[in-house]
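Number of protein chains: 2
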Amino acid sequence: MKSVHPIILAHGGAGSRVMTSPQAACLQAALQVGYHLLDRGSTSLLAVEQTIRVLERSGLFNAGKGARLQLDGVQRMDASIMEGDHLSAGAVASIEGIIHPITAARLVMEETDHVLLVGPLATKFAGYFKMERHQLRTSPYRLSYGAMLKRKGSSRNRHGTVGAVALDRTGTVAAAASTGGIDRMLPGRVGDTPIIGCGVYADNATGAVSMTGWGESIMRVAVAKEICDRLAQVKTPARAARLVLQKLVARIDGSAGCLVLTPKGRFTIRHSTPHMMAGWWDGKREPTLGDRFL
Amino acid sequence: MKSVHPIILAHGGAGSRVMTSPQAACLQAALQVGYHLLDRGSTSLLAVEQTIRVLERSGLFNAGKGARLQLDGVQRMDASIMEGDHLSAGAVASIEGIIHPITAARLVMEETDHVLLVGPLATKFAGYFKMERHQLRTSPYRLSYGAMLKRKGSSRNRHGTVGAVALDRTGTVAAAASTGGIDRMLPGRVGDTPIIGCGVYADNATGAVSMTGWGESIMRVAVAKEICDRLAQVKTPARAARLVLQKLVARIDGSAGCLVLTPKGRFTIRHSTPHMMAGWWDGKREPTLGDRFL
Chain A
3 MKSVHPIILA HGGAGSRVMT SPQAACLQAA LQVGYHLLDR GSTSLLAVEQ
53 TIRVLERSGL FNAGKGARLQ LDGVQRMDAS IMEGDHLSAG AVASIEGIIH
103 PITAARLVME ETDHVLLVGP LATKFAGYFK MERHQLRTSP YRLSYGAMLK
153 RKGSSRNRHG TVGAVALDRT GTVAAAASTG GIDRMLPGRV GDTPIIGCGV
203 YADNATGAVS MTGWGESIMR VAVAKEICDR LAQVKTPARA ARLVLQKLVA
253 RIDGSAGCLV LTPKGRFTIR HSTPHMMAGW WDGKREPTLG DRFL
Chain B
3 MKSVHPIILA HGGAGSRVMT SPQAACLQAA LQVGYHLLDR GSTSLLAVEQ
53 TIRVLERSGL FNAGKGARLQ LDGVQRMDAS IMEGDHLSAG AVASIEGIIH
103 PITAARLVME ETDHVLLVGP LATKFAGYFK MERHQLRTSP YRLSYGAMLK
153 RKGSSRNRHG TVGAVALDRT GTVAAAASTG GIDRMLPGRV GDTPIIGCGV
203 YADNATGAVS MTGWGESIMR VAVAKEICDR LAQVKTPARA ARLVLQKLVA
253 RIDGSAGCLV LTPKGRFTIR HSTPHMMAGW WDGKREPTLG DRFL
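Line order of the protein sequences matches chains A and B.
With my numbering as the guide, the letters of the first sequence map in order to residues 3 to 296.
With my numbering as the guide, the letters of the second sequence map in order to residues 3 to 296.
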């Protein structure tokens, strides 16, 4: 079998913020970790997991240690992972108290016959596997449920996610995403990140996609799956991504950024937001990093 | 604007079981409730919600009162609802102690700016809206987490869902689904039912889809979204459904049944399982019911 040249893409969220130097350095380190694994023949699944772990552990992004608080003052996190050969996938939603939700997602994929575990029972699952915990940040919020509900309608610009897609030497693609959700969301709210077909999708017949942005709008269009479906019809990943992001904006005033990578190594980074912190590396020269890819 | 002739389709699950007389009677009553609403000019969203409520309340299907128990002996339920005009959607997962998860899903859609709430916090949300509760069935299961995990690999044929799709006089389609999950699943497991793009999808540009079957396989293909995407490319709903179900079976040995309805009123009921309890009514003659539509 012909060996494929590996590549990895990663992002630290799309929105209105520009990338700081520490964020750029962390994203570069994450890409290096992922690429070196691919270079030594590891699977794209392992590469995206380990890349995400660097970002989760940094506390610099809205994922893992840096996760936002929900309106009751608790951090709850979501993550998902998928590989394109067998369409295997795993995800956790509304999980608490661990540093690496992405690894919990991979454990769901490999240790159960399920795809998604949620809530305190996902936390219990992580506990069974003795996953590394961290001190919960808590806030003094003491809002009534009615007061929390009234905060609706103001969350579209306060979000963030980390994500990665990779292609390994066997030609298999993988996608992953991890998030602490959006600021001031209702307790128990889950966005696109842990939803297969919304936040991530990977299929060797089309490609791998990892999304970030306003999660509710991404879910209502099931963006990751639609980009993959369109990869089968149009010539370039850039065109597939552009068509679906344009639809997202025109149809429901949505907002998102994406990483898209095909099994042939063609890729695009696109966003409808002012900025998207992202980068890629194929082992040649230095990793490419930026916060604007339009 | 030209008025469209309304129609509603509903199902009580796909699998190896044939339909009993009480189930057929309940499905017929549910179709009548939904169709009469459409006939009087109600939205397809209201019609699918009220149709599902009849099925949830009956206790005859794996949803609402009839929901299965998870391995810790607790009923946890999932539901979702979506309409095709604004692509508005709402869902709940792993919710406990209420009779009508489908109405909780609609409340998420209409009373929050979120799409999905999960776990005890979804139950709390339902409590805030004073949703009707019912006595939890509990079982004496006392398994260790390790023992629960070892039960994996045996759940593919023990599932069930109820679902509906409808077309109203304005030409808007809607889709809904509600389930108690699969027998003997890990606590906190969530299947395709509350996942937009997997268990349901609705878009006036293509059509409405409601899925049932082996949830994990449906999630890995994001079936509802792919059927909708294919409706834009092929001539009939039957062909779109057949192509995607064939792929589901061939690629990952999956198993599913679907209701598919276009804004022009063309529809299909298809399943890869031996049976699917389903029916439809457009107000002419009697509702059509069956448990085999291949």
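Any given hint could turn out to be false.
Put simply, identical chains are the same to the list, so a pair is met inside one copy or across any two.
Unchecked claim - Once the Cα atoms are required to be at most 25 Å apart in a straight line, the calculated DSS-like pairs of lysine-lysine come out as: (1) LYS266 / LYS67; (2) LYS249 / LYS237; (3) LYS152 / LYS132; (4) LYS132 / LYS249; (5) LYS67 / LYS132; (6) LYS152 / LYS126; (7) LYS266 / LYS132; (8) LYS286 / LYS266; (9) LYS249 / LYS152; (10) LYS237 / LYS266.
Hints were generated in silico from the structure; no laboratory data involved.
No experiment lies behind these values; they were computed from the predicted model shown.
Do the hints match the structure? See the list:
1. LYS266 / LYS67: neither (34 Å within a copy, 50 Å between copies)
2. LYS249 / LYS237: both (18 Å within a copy, 23 Å between copies)
3. LYS152 / LYS132: between (38 Å within a copy, 17 Å between copies)
4. LYS132 / LYS249: neither (43 Å within a copy, 38 Å between copies)
5. LYS67 / LYS132: Within one copy only: 17 Å inside, 36 Å across.
6. LYS152 / LYS126: between (31 Å within a copy, 16 Å between copies)
7. LYS266 / LYS132: neither (38 Å within a copy, 54 Å between copies)
8. LYS286 / LYS266: This pair counts as within: shortest intra-copy Cα distance 17 Å, inter-copy 53 Å.
9. LYS249 / LYS152: Neither, since 29 Å and 44 Å both go past 25 Å.
10. LYS237 / LYS266: within (12 Å within a copy, 31 Å between copies)
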